[in-house]
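The listed protein sequences correspond, in order, to chains G and A. For the record, in the first sequence the residue sitting at position 130 is 130 according to my numbering, with numbers rising by one throughout. For the record, in the second sequence the residue sitting at position 13 is 288 according to my numbering, with numbers rising by one throughout.
Watch out, some of these pointers could steer you wrong.
To be verified - Label pairs and their in silico Cβ distance ranges:
hint, chain 1, residue 1, chain 2, residue 2, range
1, G, ASN187, A, GLU375, 55 to 61 Å
2, A, PRO567, G, ARG210, 57 to 63 Å
3, G, GLN169, A, ALA355, 36 to 42 Å
4, A, ALA355, G, ALA203, 55 to 61 Å
As the list claims (entries may be wrong) - Looking from chain A toward chain G, a few residues come up when the C-beta cut is under 10 Å (computed):
hint, residue
5, ASN309
6, THR316
7, ASP318
8, PHE575
9, ARG582
Hints listed in this document are in silico derivations from the structure and should not be mistaken for laboratory results. From the three backbone atoms N, C-alpha and C, an ideal C-beta is built for every residue, glycine too.
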Amino acid sequence: MPKDVSVEELKAKAKELRLNILKTAKSAGSGHFGGSLSSADIFTALYFKYLHVDSEKPAMPERDKFVLSKGHAALAYVPCLAMKGFVPMESLESFNHYESAYGMHPDAGKISGCDASTGSLGHGLSIGVGMALGDRYQNLDTKVVVLMGDGEQNEGSIWEAAMAASHFQLNNLIAIVDRNQFSIDGNTEEIMSLEPLDKKYEAFGFKVIRCNGNDLAELDKALAEAWGEKEKPVCIIARTKKGFGVKRFQGAVEWHYGAMDVEMYKEALADIEAL
Amino acid sequence: MGKDAGTVWTVHDANKMTSKEIYGRVLADLGERNDKIVGLTADLAKSTNIGIFGDKFPERMFNVGVAEQNLFGIAAGLAATGLIPFASTFATFASLRAAEQVRTDIAYQNLPVKIIATHSGLSFGTAGTTHHATEDLAVMRALANMTVVVPADGWETAKAVRACIDIPGPFYMRVGRGFEPPLHENEDFAFEIGTAITVKEGSDITVITCGIPVLQARDAARELEDDGISVRVINMHTIKPIDREIIVQAVLETRRIVTVEEHNIIGGLGDAVASVIAESGKACAFTKVGIPDEYSVIGFPEDLYARYKLDSTGIAETIRELLGKEIEADEDWTDED
Ligand SMILES: Cc1ncc(C[n+]2csc(CCOP(=O)(O)OP(=O)(O)O)c2C)c(N)n1
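Start from the sequences, fold in the hints, and give me the full structure.
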């Protein structure tokens, strides 16, 4: 059951998460800024309001499951897990360092609260279908949430999983697409067009919800609706801006991945503070 | 100036370029003289540097989005129409994600698709296991018709890219991600697919290696020379077909062989060499250096190379260990009882 958390509280958390993303990237030396900042509000809403998870019992069977299919957003995911108490806040300083539990992509074997090791795109929705089937079979009243990239939608495996999700009538499965318009090489519509993405998911048997994924009020509404769905798997198409919150990164395809100098870091922090 | 392909950079530039950058440039160059060459990638035009070819020949470049299985299926189709497709993505995705497309669509039908896979081995260090490619040689070696090459530096990369066009069937080559100091000083050396290069002569022990560790092995060998240890270093840039002759010769002449590779110790160069040694029927002290049968930790490539003894210090250590190993333990043999 979603917790009683106001949109204002969520906004404050999202800001904190973005600051932690920047700090973590600073000690890591570089990072996937674009897709981490675009999805920060989604992480916030999920972890601070919707997902039933407990850092004291990270493996409890009745937890909601979360799969970060776009694994390169570990730079948002791990700080978010730290803010929720799954891993120590100080440990974020080791991100990308030798023998660290955290690199560019999350390792479920090393990160408390992380349900799947990801990084190779296009795997998450299948894993989510398996989790949703497994929980349903075991009579667990849970939700399984899978966060995907929009470029990631190019992978055929996503659509095999989508077909299975509606075939198995997985009303406990929620797919979220971080629709930030860019992959690595450019704009998704120029590289390999996805639109009409909503119609595609509808045709595959999903209930589709569209929202602004960088607006917590809209996201909150979309997630509430998804949580209430009783019949179909849900796909939330969350329109976002790649690099949201940092002016230099916002909508700039080259900042999918990069390294900041001290000046840029200060500038980026100031941008987030001013949000 | 690089003369054999009319290339446009100087030695000076090549010493500053990554192997994948050199690949992109050579391919762009070849494209000018061979209009059957086409390029493909899966949202990694920039990362693999095949984009250099694409910028020059946009009408001959196909970016299929993040979809590796589709990538290699399409490459097979293009090849079936008589074209020579060069397909580039990260080595892990080429060899694992699209393994069946590569095997059934390309290798089975013996189509001339040239797979130039970047971010090989541990070269994408901090990206972790999902982006490390430490099984690709095992997979590619096992595919009939496939030629498998691991160049030691940018110069070899350039030569291999040119040479692979003349191979009628499929071709797999892995190159790293970053800048590694070149092994060769210039391109004045013979490079033939299937013929290993003796980097250094030696008579006590032989190191057979490929890719980034070749330079490290040479440095280790030079160091050991001061202690009177004579190490032969063989650059086995072609894993398949492997140069059997040079291996058997090393067995007969040095009796001790160390293989070093940026790959799981199962299935790669070491196992290819081991088969040749076993089939030769000669006794030989032998050890494989590589990633043990486990998933690598996170870290910068240099730290990981040191951890897995793929750097010159580690290679020297292994050489000393193998030199200390007793091999003529004939008294253990029980067949004469
Ligand atoms: C199977 C696979 N192919 C390629 C990559 C390399 N890669 C990492 S991120 C990325 C672009 C992803 O774009 P998108 O899904 O839109 O992510 P976002 O923009 O949200 O960061 C690519 C191609 C990968 N991680 N996995």
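A quick look at each hint next to the structure:
The hint said 55 to 61 Å for the Cβ distance between ASN187(G) and GLU375(A), and at roughly 31 Å that hint is violated. At about 49 Å, the CB distance of PRO567(A) to ARG210(G) disagrees with the hint of 57 to 63 Å. Taken as a hint, the range 36 to 42 Å holds for the pair GLN169(G) and ALA355(A), whose Cβ atoms sit roughly 41 Å apart. Hint check: ALA355(A) to ALA203(G), Cβ distance near 31 Å, so the stated range 55 to 61 Å is violated.
Interface restraint check: ASN309(A) against chain G, minimum CB-CB distance 25 Å, threshold 10 Å, status violated. Checking THR316(A) against chain G by beta carbon gives a least distance of about 8 Å; that is within 10 Å, so the hint holds. Using the Cβ-Cβ criterion of 10 Å, the hint placing ASP318(A) at the interface with chain G is satisfied: the shortest such distance is roughly 5 Å. Interface restraint check for PHE575(A): the shortest CB-CB distance to chain G comes to about 7 Å, inside 10 Å, so the restraint holds.
The interface hint given for ARG582(A) holds, since its Cβ lies 8 Å from the closest Cβ of chain G, which is under the 10 Å cut-off.
This entry does not satisfy hints 1, 2, 4, 5, going by the numbered hints stated previously.
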